[in-house]
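Chemist: Assemble the complex: chain A is given as a structure, and chain Y must be docked to it using the hints.
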Amino acid sequence: MPKNKADLLQGTLDMLILKSLSLGELHGYGVIQRIRQLSDEMLHVEQGSLYPALYRIEQKGWVSSRWDVHETGREAKFYKLTRAGRKQLETEEASWDRLCLAIAKIRQAT
Amino acid sequence: MKWLNILRDRIRALRQRETVITDIDREMRLHIEMQVDANIRAGMSPIEAREKAMRSFGNLNRAVDAAYDVKGGGIFETLAQDIRYGVRMLAKHKAFTSIAIITLALGIGANTAIFSVVNDLLLRPLPYRDADRITTVWEVSPQGRHQNSTSRANFRAWHDQNSSFQNMAAFSDQRLNLTGTGEPEELSVQFTTPEFFKILGVDAILGRTFLPEDDKGGQSPVAVLSYGLWQRRFGGQASLVGDTITLNDEKFTVIGVMPPNFQFHIKQRSGTGRPAELWTILPMPVGPGANERGRFLGTVARLKDGVSMDQAAAELRTIHARLSDQEPQFNKNYTNEVLPLREQFFGNVRRPLWLMLGAVGFVLLIACANVANLLLSLATSREKEIAVRAVLGARRLRIVRQLLTESLVLALLGSLLGLGFAWLGIKALVAISPRDLVSLQSVGLNLTVLGWTLGVSMLTGIIFGLAPALHISRLNLNDSLKDGGKSEASQASGSRRLRNALVVFEIALAVVLLASAGLLIRSFLRLQQVDRGFNTDNVLTMVVRLPDRYREDPQVIKFLQPGARTSTALADSPLRGHGQFPAAVRRSGFEYRLQDPRAARAAAGTRAGNRRARC
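Protein chains in written order, with numbering that gives the first Met the number 0: chain A, 0 to 109; chain Y, 0 to 614.
The following block holds chain Y by itself, in its conformation from the complex:
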């Protein structure tokens, strides 16, 4: 209430300064008139009465001033004055202003662009319900390989024996061929146990997600579609729910469609390398003939309320130790680990990102130093103006405030242009970002980012404006007011010292940046030159999964007959794949040649094995 009234008065004074002053003046003059009347009534002559009234009132102007301090624009008014003045100053020094704004815009723009990525990946909540209660669980192999897949048997043991998790689901990404409507297409499919969607806390926008009954046999398998697939292949028809679609020659019943952008993609552990477009139930057979030992499953789980990540991890370790004792031939020296979801998704980019933010912070500091330097050189030509102000009674604090306001105006203009740069920068970042940072597609200039930019630009304005402002306001009036405002040697040398210090600071920062950038590039080049032991020039790899119809090798070879001069089919292409995949072992290492001189040389690594859609 009170602040509102004050604010209203302040704003009124800004817009109608004269009216406010006239009002106060009128009220006081009428006050004097009443005193005059009273004096006359007390028997004084009119002249005496007025004289006395004026004397008792005191200085009218000072009284109006004192009243205006309360009712006037206050700090708003001086701020408005300073901003007006600052803009005028900037307009007068066009060259300085444009250089300073561009310098600041580059620094602020780079900061905003990187921060928007940091914000998106590291700060913004993940798009699952209570995502900080969701974890992944992996095995750690005897060779120390982290985030190792687990087997059905081990998953079942974790699932049944733990008391730390509300729910636990297994998942596995595989490729299935969608046929029947339009072009055949290979889809990335996530096989999961029914609790999967419940753990993530995301519901279908159409139809439903999995129920425990969906796991029972004797019915056609169910499928949940991604929004993208639904739109792309089925024209977003609501009637699709309940229909069947054909995947690897098998009929699946569509039961639901997920919201746009829903995905659960762990690139490093994914068998397909791209986000799933379809979800179906992962069969968990038991008994003879069932593949219970093969390690190919990821695990996602939701903690019970009140159970910490560490407690859960400790319990799972105990369970796993028991498994090692019971089945040493499968589990000896294996342990497991629990990862928070954010760590799972972004653990590998977290440090580089903070590093980048630090680097662009340095760039901004360099920009600040640069602009501070420019301001100082401009100051020499403004010494006289500042001195006049000081002589006319401006206090040092007032002068510093005015100069700082100018800096803030400059910083704000810089950040406006900087937002433009940031927008371009974000587009470029998204364009060059690797596929596993899929969520980068949603990076943009949102409110958090704008707030950050505003904060950064205010801070910037203060950083580059404070030193020059303090320096200039410490003028020797006597010297500055002399003709031409030539400053004395001592003044000049003080200014030179400050400017030298700024240059030293800038170069130091630049050297740090250059050195780190150089090291990064060197590491990158060396990574690129690692000898893989074979010639990779003109060699391509690709993965094709064939349905059950292609049972015999000659059929496969016939299918694969591409325009390639030489091709080799392998169960897994070199340097990737799961060593313990039984199907892969069975099918590995057959080779054939095709003679076609027109074609480029290529190698097609195919997963000809593992023909069954569900393993």
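Isolated chain A, as found in the complex:
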């Protein structure tokens, strides 16, 4: 499995989590899986860093959580994007785009 910690910046991890939740309610395991799938197996978030990040995001009010029964019959804690979280995702994506654009321009300079 191509593991790319790629030195994920703190803010980047937050954005990835928010993005994966923007497609629907998920538990922690699901968040990791979705990030992996969406990145074509290029990004693998470690559990050890996922949960602190999730909790921090929850404290910021960007996601809410509840315990529920998973389709396999197991209990799991599900996270859901809040309205504030959706807005945060937009700002973060916008600023990320700006950053990418700026870096691209610098790289294309001859």
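Since the hints were derived computationally from the structure, they do not count as laboratory data. We put the CB at the ideal spot given by N, CA and C, even for glycine. Mixed in with the good hints, there may be bad ones.
Unchecked claim - Chain A regions said to be covered by chain Y (calculated; three or more residues, Cβ under 8 angstroms): (1) 41–47; (2) 65–78; (3) 85–98.
Claimed, not checked - Listed next, with one range per pair, are the computed distances between beta-carbon atoms: (4) Y:R397 with A:K86: 26 to 32 angstroms; (5) Y:V387 with A:R106: 52 to 58 angstroms; (6) A:K79 with Y:L3: 18 to 24 angstroms; (7) A:L22 with Y:R14: 34 to 40 angstroms; (8) Y:G42 with A:K79: 30 to 36 angstroms; (9) A:T90 with Y:D64: 27 to 33 angstroms; (10) Y:D64 with A:K79: 25 to 31 angstroms; (11) Y:L13 with A:L100: 45 to 51 angstroms; (12) Y:M53 with A:L100: 21 to 27 angstroms; (13) A:K86 with Y:P126: 46 to 52 angstroms; (14) A:E45 with Y:R395: 28 to 34 angstroms; (15) A:K86 with Y:R11: 23 to 29 angstroms; (16) A:L100 with Y:A79: 45 to 51 angstroms; (17) Y:S380 with A:S63: 21 to 27 angstroms.
Modeler: Structure of chain Y alone, referenced to chain A:
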């Protein structure tokens, strides 16, 4: 929002630490189970699937810890731990704790008591509307006497010619006899021009204050009562407004009652020496026969918006210079001065008060040094405990924080007891305070004072706790962990140096305090021993003002017949009085003797002159 959530999590963790941890642990274990399921679906054997899932998850405990850092009690939790531990430590060393708490309580208590006075007199706003725009105006005599009274004519010139003040009022404190209801009583009465209450911006709670029409003749004079007088003499009856009362055999119509605690008392310049209980209009007659030149008026004024105190003072000086030119026989070499109200009331106590605050600050520093010293000697017996903590992985910062928390707990306990001392101290201060600090009656433990005490005790805790904490945390682990925790010579000598330094510091502060206290007492004693040129033993003075009925000296003498062996009646008693009071000059210096061997020797200085209630 965010801080609220974090705070909620922190508090939850403090109260249900286990639940929070179990929750995190459960979520992570379920995460692993899902991975196991996925692995099995991918074709692994159950054992292999679990092994792989565990491996990919990494150290479960560390992950829980990392998550708990976010969701747990954080700094609150360590603080709670430290406080719990600190209390336990203090309870174990009872002798140390009680001595330290009493020492700190004395220092903090003294500070709180003095600060509450400073706060009341120097920091709290004066009880008038926009009090920083109110000033007093005085003359300065050719002899350089400041805060000298002014005359009607001069006041009128200031009042009419200035463009710096919204309003200007004259006032004069005098004694009037209240008769007619119950015991006759001598009241302190403030005669003012009608703008007086408007300038101070205080309204009556019942009825009204003065209007410009009240100054016109042809009606009985009006009176505004203090709340205290209203309650004391008239039982707080609202129907009193509109009634008449008798002052010096003249009828006055009561038009209003002021709120409790309203007063405008300038002790040094007051003709009665006590706050007024009644206000009435000061007549400002003009023309022949009117006393326009006698200097007996105080002046209070409110600045116009945007005019500074200095501008106003400059303008008034110009006006006064003109007066000097126009009427040199009255005003030559006289100038005037403008004083902010706070300066007027408390200018003479400001420096002593800051001095006192400085002194009790020193006392507190000495207490800090003392407690720091105690903490250091206690530290010797705690070296092993601290060393064990260090070995188990506590960082130096963590140890310092724990020791500081203990100090803060100690300081807080000290300040609790200190508040008790302060309460007693304030009562004592109020009891011994001279009458002119009348507003001291309202000094108390209010929120500002409590805030100050809390701040002081926190600061105290850090001051006396920091040096020992830094010192102890710099332990040589190897030595300290040896049997019995006996420290090596170098360690002991470092500790001794610090303690010696503290003792030197304490003694230096104590010497400064003692020297200043000694000087103050010496000045005080010398003041008391000043030779006045006459024998004051067993001599009393008192002031009695008699109404117009007592017109002739024999009548006055008959009235004054007290149980005194000898008494002398003067217009003004020695060492006080207004030299330029015409009435005083007229009546000064008659003497008589009464023979009554049973009585004590006394002298009654009476203002027999000035019989008219209004001069």
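Chemist: All hints are to be evaluated individually against the structure, with a verdict given for each.
Modeler: Evaluation of the provided hints:
1. Three residues within the 8 angstroms Cβ limit are the bar, and the stretch 41–47 of chain A against chain Y gives 3, so the coverage statement holds.
2. Only residues whose beta carbon comes within less than 8 angstroms of a beta carbon in chain Y count, and the stretch 65–78 of chain A has 6; three or more means the coverage holds.
3. Coverage of the stretch 85–98 of chain A by chain Y is violated in this model, with 0 residues showing a Cβ closer than 8 angstroms to a Cβ of that chain against a need of three.
4. A hinted range of 26 to 32 angstroms for the beta carbons of R397 of chain Y and K86 of chain A is inconsistent with their spacing of about 39 angstroms.
5. In this structure the hint that V387 of chain Y and R106 of chain A lie 52 to 58 angstroms apart at CB holds, the actual value being about 56 angstroms.
6. For the hinted restraint 18 to 24 angstroms between K79 of chain A and L3 of chain Y, the CB-CB distance of approximately 20 angstroms keeps it satisfied.
7. Judged by the Cβ atoms, the range 34 to 40 angstroms given for L22 of chain A and R14 of chain Y holds: they are separated by roughly 36 angstroms.
8. For G42 of chain Y and K79 of chain A, the hinted distance range of 30 to 36 angstroms is satisfied, since their beta carbons lie about 33 angstroms from each other.
9. The hint said 27 to 33 angstroms for the Cβ distance between T90 of chain A and D64 of chain Y, and at roughly 31 angstroms that hint holds.
10. Checked against the hint of 25 to 31 angstroms, the pair D64 of chain Y and K79 of chain A passes, with Cβ atoms roughly 26 angstroms apart.
11. The given range of 45 to 51 angstroms is respected by L13 of chain Y and L100 of chain A, whose C-beta atoms sit roughly 46 angstroms from each other.
12. Roughly 42 angstroms separates the CB atoms of M53 of chain Y and L100 of chain A, a value that falls outside the hinted 21 to 27 angstroms.
13. The hinted window of 46 to 52 angstroms between K86 of chain A and P126 of chain Y holds, with their beta carbons roughly 51 angstroms apart.
14. Between E45 of chain A and R395 of chain Y, the C-beta spacing of about 31 angstroms keeps the proposed range 28 to 34 angstroms intact.
15. About 27 angstroms separates the C-beta atoms of K86 of chain A and R11 of chain Y, a value consistent with the hinted range of 23 to 29 angstroms.
16. Taken as a hint, the range 45 to 51 angstroms holds for the pair L100 of chain A and A79 of chain Y, whose Cβ atoms sit roughly 48 angstroms apart.
17. The beta-carbon spacing between S380 of chain Y and S63 of chain A, approximately 52 angstroms, falls outside the hinted interval of 21 to 27 angstroms.
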